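What follows is the residue order along each chain.
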Amino acid sequence: MKSLAELKAIRDKMQGQVGLRAESEAGTRVIVGMATCGIASGARPVLNTLSDAVMTKNLKDISVVQTGCIGLCQYEPIVEVLEPGKEKVTYIKMNPEKALEVVEKHLIGGTPIYDYTLQKAMK
Amino acid sequence: MYRSHVLVCGGTGCTSSGSQQIQSLLKEEIEKAGLSKEVAVVQTGCHGLCALGPIMIVYPEGTFYSAVKPEYIPEIVQEHLVKGRIVKKYVYEETVTNEEIKPLAETAFYKKQHRIALRNCGVINPESIDEYIGTNGYAALGKVLTEMTPEDVINVILDSGLRGRGGAGFPTGKKWQLARNLVQDGGQKYVCCNADEGDPGAFMDRSVLEGDPHAVLEAMAIAGYAIGASQGYIYVRAEYPIAVQRLKIAIGQAREYGLLGKDIFGTGFDFDIDLRLGAGAFVCGEETALMTSIEGNRGEPRPRPPFPAVKGLFARPTILNNVETYANVAQIILNGADWFKSMGTEKSKGTKVFALGGKINNTGLVEVPMGTTLREIVEEIGGGIPNGKKFKAAQTGGPSGGCIPPEHLDVPIDYDNLIAIGSMMGSGGLIVMDETTCMVDIAKFFLDFTVDESCGKCTPCRIGTKRLSEMLEKITKGQATLEDLDKMEELCYYIKDNALCGLGQTAPNPVLSTLRYFRNEYISHIVDKKCPAGVCKDLLKYEIDRDKCIGCGMCAKQCPASAISRTDYIAPGKKLAAMEIDASKCVKCGACMSTCKFGAISKN
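Each protein sequence line maps, in turn, to chains A and B.
Just so we're aligned: 44 in our numbering is position 44 of the first sequence, and the numbers increase by one with no gaps anywhere.
Here our numbering = 1-based position in the second sequence + 1000.
Calculated from the structure, these hints are not laboratory results.
Only pairs whose alpha carbons sit at most 27 Å apart, straight line, appear in this in silico DSSO-like list of lysine-lysine:
#1 1037/B / 98/A
#2 1083/B / 88/A
#3 1548/B / 1588/B
#4 1083/B / 93/A
#5 13/A / 1248/B
#6 57/A / 1037/B
#7 1089/B / 1102/B
#8 1541/B / 1603/B
What you are looking at is a predicted structure, and each value in this text was computed from that prediction instead of being measured.
Could you build the full structure based on these sequences and the hints that come with them?
Right under this line is the structure:
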């Protein structure tokens, strides 16, 4: 390595990785239901897609975590997005493609995708 | 890309409680569950809570599993990593509340800590330079080489108020300034790192080297730039195999990346570092002896002046700083002197790492801002004294330091306050003692240590400490007179004033400080022939209360010296004759007393 630019390139690549280990209580939490029902209906690829996207796009203060059964097994895979100071958004019947869309429009763009939410299905 | 990182502590504490096995089992189980592409297992340095090792943290949740046993692993992998259900029963108790798991930063052990020197310990994989760079590593070196002059660097360090963390507390910037300015003949200068941590019970430097070796390398390169040196040496104990191994890996990686070697960042600055292993002599932690040892000679100190900044290693200007001092440098460069100055007391800035040991619940490593009181460290962070015993004293500064009694628990800890109360900061060992510790015995323990470790070059230390230890021995045997006590005190001051190096000059400190605060205990040993803490065997007597004894004979079975036999006396209401101890045979091991279920045996 002969330049600061190369150092910065390594830093940028690694920051997303190591940043996973920060205790970010204030940030946004993306929670994926990973109980038996969730896994059976395909939550694992959703979880992986989400965590990859958050890391590759280097999104700060967003942690992707897993949780157990939420109790709405027929709607799995379920993804909840908790932003500080905002109401919880619950996405249902997710798949990797929808998950990417949520990353783009909701986590980056700031607008929840109403069509995928539980609220819509309940109507 | 991994969605989850499982951090397993690979510090010496957790390694000895079995973290290597945990790590390999974990990898096996993760592989079996088909998660090896999703979950990374990362070996880190010390988390500080060594009492609860092996420690394992699962991110992004930040779940802290403590005292992990191999049989927990399949369950943790299946439940937590596969299904996302935290296995509460194995989680560090203090973080578990009724509804949720609270963050580690809110537990008593971590709440008052502020980690600068230890900031990466337990967070990154010390064997990966990329992870270090990912936490802003080597950015300070880049900044220094491209944006600052050596004078700027020295000024920032001076302004920050950073003082040597090895114990004496000499201003680091001042040291660098002297080494830069006093000799300017264009010849070789050296940057050395003192990693010969020898105080009994101290392991701060080891943990930094094991958990964040690159921080030390980066800071040494910065120091090299500041004083105009192109070669550095790290003098580390061979008894620290994990630290040595990780330093070797780190130096190799830094060379490969061009962060050590020729023309760093294309700025024309050359700097390289080599390791020198010490064979464990305590005196080699003294700066002049350390440099003599690096030169390949017998590790003996020499008189100062000339100071190392003028004539050090190979008779060239040299700076020698402690591991923890270096661990602060890059952060000061990146965050500025004002940031560092905002922490601590008027004359001691920043934080200090302490190795908590002895009679305390949370043995381990803690980093607190200067000015934190001993009470906060012992009672809050340390979790108090086990078994409901009372605090008696805390020993700081190792064999060069002294004991702090309960009346000084609320003194804010910094360099100057500790010296004022007769102890010293030292490298940061903090040994807590409760009411069952005999202060004369403790003074004797430390004196015996210095007698063993004295290099023998000067008479006050070689012979003086031996005589001191003999006098203490006499006191613990109940053979001393009050006159001896005065003589002993006189000898202490004589050694202090006349020894050649820091080892001898500070060797009497444990005696002087215990005399200052616990003179009554010395007097009990001498006048009453009693050891109030019940430690000094020659002053103890075990006795059986024949009216309480039921004559079961268990004590006699346990006695290794066959000193217990049956009498003719049968106490009223008892069926068997009582036992008695033959004081001339008794070795005072206490086995009988701990065996007796009827409280019939006492010592006094």
